[in-house]
Amino acid sequence: MKDLLSRLVDSFGPSGSEETVRSLIKKEIKGLSEEVFEDNLGNLVAYKGPKGVEGDLLIVSHMDEIGLMVTFIDENGFLRFTNIGGLPKNTLVGSRIVFRNGTSGVISQEKVKDQTELDFNKMFIDIGARSKKEALEKVKIGDTAVLVSAFSQECTRLIGKSMDNRAGCALLIETMRRLPASLPHGINFAFTVQEEVGLRGARPVTYSLKPRYGLAVDVTRVGDTPEPEYKMDVSLGKGPAIKVKDSSVICHARVVELMVRTAENNNIPYQMEVLERGGTDAGVIHLSREGVPSGVLSIPCRYVHTSSEMVDLQDLENGVLLLVALLKDKWL
Amino acid sequence: MLAAHMDEVGLMVASIEKSGHLKIYPVGGVDERLLLSTSVQVGPDNVPGVIGAKAVHLQKKEERGKAVEFDKLFIDIGAKDKEDAEKATKVGDYVSFLAEGQALQDDLFSGKALDNRAGCAALLEILKKDCPLSFTGVFTVQEEVGLRGAKVAAYRVNPRIALVIETTTAADLPDIKEHDHATSLGKGPAFTLRDDSVITHPQILERLVTVTENDEIPFQFRRFPGSFTDAGAISLSRDGIMSGVISTPCRYLHSPSSLLNLRDWKNLIKVVDGFLNSIVEKGL
Numbered sequence: 001m002k003d004l005l006s007r008l009v010d011s012f013g014p015s016g017s018e019e020t021v022r023s024l025i026k027k028e029i030k031g032l033s034e035e036v037f038e039d040n041l042g043n044l045v046a047y048k049g050p051k052g053v054e055g056d057l058l059i060v061s062h063m064d065e066i067g068l069m070v071t072f073i074d075e076n077g078f079l080r081f082t083n084i085g086g087l088p089k090n091t092l093v094g095s096r097i098v099f100r101n102g103t104s105g106v107i108s109q110e111k112v113k114d115q116t117e118l119d120f121n122k123m124f125i126d127i128g129a130r131s132k133k134e135a136l137e138k139v140k141i142g143d144t145a146v147l148v149s150a151f152s153q154e155c156t157r158l159i160g161k162s163m164d165n166r167a168g169c170a171l172l173i174e175t176m177r178r179l180p181a182s183l184p185h186g187i188n189f190a191f192t193v194q195e196e197v198g199l200r201g202a203r204p205v206t207y208s209l210k211p212r213y214g215l216a217v218d219v220t221r222v223g224d225t226p227e228p229e230y231k232m233d234v235s236l237g238k239g240p241a242i243k244v245k246d247s248s249v250i251c252h253a254r255v256v257e258l259m260v261r262t263a264e265n266n267n268i269p270y271q272m273e274v275l276e277r278g279g280t281d282a283g284v285i286h287l288s289r290e291g292v293p294s295g296v297l298s299i300p301c302r303y304v305h306t307s308s309e310m311v312d313l314q315d316l317e318n319g320v321l322l323l324v325a326l327l328k329d330k331w332l
Numbered sequence: 001m002l003a004a005h006m007d008e009v010g011l012m013v014a015s016i017e018k019s020g021h022l023k024i025y026p027v028g029g030v031d032e033r034l035l036l037s038t039s040v041q042v043g044p045d046n047v048p049g050v051i052g053a054k055a056v057h058l059q060k061k062e063e064r065g066k067a068v069e070f071d072k073l074f075i076d077i078g079a080k081d082k083e084d085a086e087k088a089t090k091v092g093d094y095v096s097f098l099a100e101g102q103a104l105q106d107d108l109f110s111g112k113a114l115d116n117r118a119g120c121a122a123l124l125e126i127l128k129k130d131c132p133l134s135f136t137g138v139f140t141v142q143e144e145v146g147l148r149g150a151k152v153a154a155y156r157v158n159p160r161i162a163l164v165i166e167t168t169t170a171a172d173l174p175d176i177k178e179h180d181h182a183t184s185l186g187k188g189p190a191f192t193l194r195d196d197s198v199i200t201h202p203q204i205l206e207r208l209v210t211v212t213e214n215d216e217i218p219f220q221f222r223r224f225p226g227s228f229t230d231a232g233a234i235s236l237s238r239d240g241i242m243s244g245v246i247s248t249p250c251r252y253l254h255s256p257s258s259l260l261n262l263r264d265w266k267n268l269i270k271v272v273d274g275f276l277n278s279i280v281e282k283g284l
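These protein sequences, in sequence, are chains P and S.
Anchor point for the first sequence: position 222 equals 222 in our numbering, and the numbering is continuous, going up by one each time.
Anchor point for the second sequence: position 47 equals 47 in our numbering, and the numbering is continuous, going up by one each time.
Just so you know, the hints here were simulated from the structure itself, not pulled from any lab data.
Glycine included, every Cβ here is placed at the ideal spot set by N, Cα and C.
Pulled a few chain S residues facing chain P out of the computed Cβ check, cut under 8 Å:
1. H179
2. I199
3. G240
Within a straight-line C-alpha distance of at most 30 Å, the following computed DSSO-like cross-link-like pairs (lysine-lysine) qualify:
4. P/K111 / P/K122
5. P/K140 / S/K187
6. P/K138 / S/K282
7. S/K72 / S/K23
8. P/K140 / S/K282
9. P/K132 / S/K177
This is chain S alone, in the form it adopts within the complex (with noise of 0.2 Å):
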């Protein structure tokens, strides 16, 4: 079985105030200190929206130089009030940020839930592909919420090995020291090792490293060991399944400005091609 999670973090409208601006609450891991002045798009029919919060000058003087809270900020659909607020949009509705993707120099690609689209874009190619092995790809959902769809599909599948396919966080920035980098951009896809949620069957991840040996493609190991996976839901499916993950190093994750490099997304698609066949070959 190989996994990628489709859906993203995000927002959910809370509650309608009587001025029309929207509270907000969280869908999955969003960091509040990203979201004052960026744009949104509200509901099934995206109404275009922005994230404010109170100006600066009317900040007090122990709410400045901090980020705002998830209950201090609103989005402002452009709604008189209430009543206008509720033609375009209800409680309950999602939100997601509106961001294009952008190419930027030497293979970056700059978006929005690049976490994980860029894994479902890798299952896709790799369905595309002739392979000799029968697998299931499976799209999940709910990743972002506590790896909600992986377990009732991994139940449904009952695959003897599991390979996710993710994004993970690259942190190759400056004033942080390499052996803290997690992953770096450009140095091939990123094998975990242990994350909070599962620890790599060893031969699997014996199995990517000979891979990426014999065909000569860059790889590194994720060295950050915090966060979830669908592999941790996956591995312990019914009688437990062989597991590993496999991500591509994406810098500003959960951002609406994600950032990784599209040579270790082909690489990446590379290692699991080559895993495949050579469980064909080999077995695991």
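Excised from the complex, chain P in its bound form (with noise of 0.2 Å):
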């Protein structure tokens, strides 16, 4: 799993432009389901089940990353830009990016009298250009970058970017691997688009799924590091988390109790999770329609939005060993 992931983490796909990440996955889930499709706003979605019975779970894993956008090309080459998602303000100079087209480029900033007022716009990147026309042969205004990082392992912690959330996806893919041939539901697998600038994607294909419950696989922060941002009771390595609340969702009762229960029977380690700040696909997934009971299997990630974000493979590992256990239990 681990080489799934760092191929996943390796691979381009800010919010809007998730064309490369989509189709490294449609390769990776090539032969695993029954049906494929790709919908109107670009979700990746897979059936796996019994033909011509509509799915009765919809799992999904957003595939794309916070990034930035260029919005302006100055005389001299620099480009200006806007965030694509929470991109960290006050980590973001001296951060390398890097265009779909390869092209690389360097943030910089203004001077500022007082750090705390650094904002996007006194940012700029340096792509090496000695004019705006020598920009202009590289990248265009509306074209999208991510944040540059190596993909490392020190003992079972993985470290590298957009964790958030090609974790969720390595662990969704992983699981249709491990999956039996006989299910006792249809399952859509849905990797979705837009996730970070306000679960957008998961909205119309929750609509057009019409799904009976929902679960949201996605990393989540914790609280084991020296002085946390946010009191929280999750840990890196103890095991997936079961999401109880986030500030979208209040996970459905009798999900969370499925999945303790799943993981209580299985011997699987897990964490019960809380987070009081951030939100995930189920929140649109639970109101869609008349409403989708929903659920939310968590994986803790140290440094969420930053170019290094980290995740520990026993967690993963536990993740898919729930989520298959799930699959194969009977949720109605």
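Fit the two chains together into the complex; they arrive one by one in their own frames, and the hints show the way.
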């Protein structure tokens, strides 16, 4: 699974420009499902289960990542940009970025009196161009870029960009690989777009699939680093987290209960998660049409929304075990 | 589906004071700094009034040099007392700016509610043209209070593609650097890359650019990433709708004196027309 995750995090896919990561996932899940389709907004859906039956369960994992978009190119070839999703202002300067065509650049800033005033409009990207004309040969306004960061492993910890949420994508793909041929439910696995800009992709996909139950797989924050920003009783390496609530959803009690029972019955370590700030695709899934009881399986992750996010391989492995066990179970 | 919202920002009568003055609250994003001393009309009978506040020499030291906040502003319709005011208006009446449109030099035009009557006027012009593509034109309500009308309209129309015709902020002003201009007057209609509600679908953006290049129409990208448009609600309707936004740049948005360049507006109509025709020719 480590190699799969490394391919996924190295792939390019800021919100709204998910083509590259989508083709990679399509390749990875080839032959693992009965049917694959792409919807109007670019969500990738794979159906597994009996033919001609509507999917009872919808399992989603968003494939987009935070990034940035070029808004202006000045006479000297410097690029101005805006954020795509929750890009952190205070850790950007000095960061390397890369465009889909491979053009790389570095983010720097204008002089500011007070560093707390630093905003995206005071920063710029230097792609080494000597003029506007030279810059335009490589990028154009509207092009998107992502942070650059090499994937690495220390013991069971994996470090890289976009663990949010390629770790979730890896968990879903690995689950699809390990599922038995015969299942009690029809399952739609959806790799969604534009989660980082406001849970946008999951909404239309849920509308069109009309699932009975929904489950989002995403990373969550942890509280196990020195003086964390938020008090939170989730740690790296102590198992996948079963979400109770965040700002977007209160997970359906029946789904939470089923997840806990499944983990207990299969001796899979797990943690309960209450996230004070932040949302997931489950936030829009559970409010689709007449309501869809939904839950979230979270992967603990340190340094979310930086270029070096850290997850634990054992949490991922246990996450797969839990999801496989859940999907073999009868939900209704 | 082509959509232009027809509502404008305004005010509402919140209460009528004993003195006959009307307390107000905003409907949509109204900047209270613009309100003092403006002329308004109140309610269905267009009762004239002016917006007032405590005179400067009565202000406390800490109040001076600051914008007067909503709860300290009131409308004076010249009523003697509450009873007199109640003959002319009631709580819940809408209040709009009283400002006549006026032509300035060089194709510039100023008036209230150009956001988004400019879009409505453009959509009307497009509806008048002979277009080989069948489309639905929607004049939406309640955009300024949260993209409400577009949401239900998109559900009903259920289009394959949506283009929202808007008016967007221009900040080509003294002391603002070019990369912060958002848009500039006279440089053509503006294409949204992304705002807080939508990322323009790449195929729509690409097609808009191709149309302008083929027909040699000037255009610009909107460089300001913020704010919300009907496209946000439309794009997430039902199973998802490819959406984009094209705007006439406009200075002093949401004020009684917003200002746009009619050449940008005419070019916007050309681009939308070209966009529709290109879909007939080669799909999207």
